[in-house]
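Peer 1: This is what each chain is made of:
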Amino acid sequence: MNGPNSIEELSTRLGDFDYIADRSLVTAIYLALKMEKPLFLEGEVGVGKTEVAKVLAKLLDTELIRLQCYEGLDVHNAVFEWNYARQIIQIRLLEAAHISDKEQISQEIFGREFLIRRPLLQAVDYQSDKPPVLLIDELDRADEEFEAFLLEILSDFQVTIPEIGTIRAKQKPVVIITSNRTREIHDAVKRRCLYHWIDYPTAKQELDIVRRKLPHISDSLGGQIVSFVQTLREADLYKAPGIAETLDWAAALNALGAAEMTPEFVEDTLGTLLKYQDDMVKVKGDMVASLVERAVSNSSGGS
Amino acid sequence: MNAASVDLKIDLLASTTSFGRFLRAGGLKVGPGEILSAIEAVELVGVRGKGEFKWALQGTLVKQHSDIPFFDWAFEVFWQHPDRLQQTASALEKLAAREAPDNTHRVPSPAPRTPTGRSDASGQGDQAPKEEELSKIDLMAAYSPAELLRSKRFEEYSENELRQAAEILRSSDWSLGLRKTRRLRQGHKRYRLNLQHTIRKNVLATREFVKLAWQQRKQKPRPLVILCDISGSMERYSRILLHFMHTVSRALPRVESFTFGTRLTRITNLLRRGDAQQALEIITIDVPDWDGGTRIGATLKEFNFTWARRTLGTGAVVLVISDGWDTGEPDLLAAEMARLKRSCHRLIWLNPNLGYETFEPLTRGILAVLPYIDNFLPVHNLRSLLDLRVVLKAIGQPGLPTYKSSGDHPSRRWLGLNAGGIQANYAGAP
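Here the protein sequences come in this chain order: A and B.
With the numbering used here, letter number 13 in the first sequence gets 13, and the count goes up by one each step, no holes.
With the numbering used here, letter number 40 in the second sequence gets 40, and the count goes up by one each step, no holes.
Some hints here could point you the wrong way.
Label-pair restraints from in silico Cβ distances [to be verified]:
#, chain 1, residue 1, chain 2, residue 2, range
1, A, R191, B, T306, 23 to 29 Å
2, A, I116, B, P371, 49 to 55 Å
3, A, G285, B, T306, 22 to 28 Å
4, B, L162, A, E184, 31 to 37 Å
5, A, E184, B, L178, 58 to 64 Å
6, B, Q219, A, R168, 34 to 40 Å
7, A, A235, B, D275, 58 to 64 Å
8, A, E184, B, S151, 51 to 57 Å
9, A, G257, B, Q219, 51 to 57 Å
10, B, E52, A, D187, 46 to 52 Å
11, A, R168, B, K63, 51 to 57 Å
12, B, P371, A, G3, 57 to 63 Å
13, B, G27, A, W197, 56 to 62 Å
14, B, S37, A, E184, 47 to 53 Å
Calculated cross-link-like contacts (lysine-lysine; reagent style DSS-like; alpha-carbon spacing at most 27 Å) [said to hold, decoys possible]:
#, chain 1, residue 1, chain 2, residue 2
15, A, K130, A, K170
16, A, K102, B, K201
17, A, K172, A, K239
18, A, K275, A, K204
19, A, K284, B, K201
20, B, K341, A, K190
21, A, K275, B, K341
22, A, K172, A, K34
23, A, K102, B, K211
24, B, K218, A, K190
25, A, K282, B, K341
26, A, K239, B, K341
Treat the hints as calculated values from the structure; they're not laboratory data.
Don't be surprised by glycine CBs; every beta carbon is placed ideally from N, CA and C.
Model the full assembly from the supplied sequences, consistent with the hints where possible.
Peer 2: Structure below.
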């Protein structure tokens, strides 16, 4: 693996791909790569958990295999499924050839070529020389039963198909699991992983992120945006904005041609930042005015 | 078969018969037919393990779900000594020798000297009803003082009664309505075709696919979240309510428990301890605002902000236990109740004051929350807690009345619900 050889190197290379991570996260990623263990990322919505996997795939120059979790996700959608249509056709063909031995037909139609590879099997049965990055996104959305399927994959990087046998990964994929913590994930899963909680970024990091992702935004507006969001996160909101919201908002203000932050621009674009009506009602008006004032004076005084 | 085992067998038959009579004295309908099949069942399973032996007896002697708690107790009392078989055999002998009934017995006594010993196994109901009645009361008194306790208000409980009530709660069945999940399992309901199994089953079919394998949606119990007020005005109820929370936490699969007064405290982990008394002592020390004031709105907000997303995800049922004496802002309370209502499947409010005939839901706190609750139920005595089981079990099924759907006068609506729907369903349960 042409992976990074030190935490510093990893940090720099993540930066090359516009991912600004704090030291603790870089360390966690580094350890996950070196120890060949899955990395379990938890954190508020929109702090860049999924992004870690995307950037890692680019950084390692390999494929990203993504499994989006949802309620009811089962082995047929996550690991493998038989290609029923092909099986039926094959049975007909064998019939036409007057083959009626049950054993033989079974062997024919339950072979590897009738297998539909879902993300987990794809990641384990990966044929290229570079191991892929496997992203198991929002695991908390899947139900508890699904976690049991994961155990075999996370600890042994293998998949067992009754009709074929056990398929083992030639090289261990880099596994990133994310959770928004809408429920607690079972200890059995966590135990097999390295765990990291991603927090909201500091003002400096966030400004860095905004500049890298949206280079055409003026420094003064960028500073105001970050200052505004950072203060807003401390307010008593049902859902505080994440980095994703900051970037959306910055893009929105930019699209409206705002060179400087004004209460009017903020009110018009608040929907990109706040996603609950209660929060909107609370922030609109006086709070926006005072936050804008503070942001403008902060960023001019600070820089 | 050697002599010893023949002896043992006779002992076993005798003691099984005697156990049957013991149950009958406790009010179970055990006739000679039941005793014969119990003996047959016991012979079939043997007495290798206590479990099988017990199931054999229970399967043949118990016909009603509500009799199981008594059976459990009777089984433990009757078979607790290793030399029980010997004892019962000799006790039976004495019993047969002595014709006169013995009214002085108390349960648990070493041998089941029941007054029914006066007649033979087939002679049911032909003895003086008074004696039968007497012994039944004796047995029931030792088994559970439930009848006396059920309608007594919690605040009038003595220490001893509190313990007994907690025991009754523990021995009752608790279940919560199911929720259809998106997960599938093999089944007969035709929700989706299971192609893998269908193909497997029909590999040799020469013409069309004939045997279809189906999948149906899996059901799961809903999560339950309990928010219990332990402020000053609720002090009289807090201990029995903690017993209730402890019982439910252990009886249902996914229960999160919180107490609140001026602030919210999660006690889920404390309640997972096996020993209720121990858990309650720790809670009393740990929970900072025990018997302080109440700020329901602020604590609900704390719950909504920090816990709702983690605990209410999959169709949860929320139980708020409070008298609604709120010293905070009614607007905040209403807003947070509205949010809570939107995040859960069913919101049930238990109020001890509903037990008073003259109670009118007129305090600011209650008026603020009324629009958002699905069931407004009393929690002033053991019966009201046991009645709650019916509501919890029926959640998700059609026909469970909601507070809003009944059109009575506001102060009577909850009474109508309690006296009509729930009590009617409830009749006959223990």
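Peer 1: Going through the earlier hints one by one, which of them does the structure break, listed in rising order?
Peer 2: Those not satisfied are hints 5, 7, 8, 10, 17, 19, 20.
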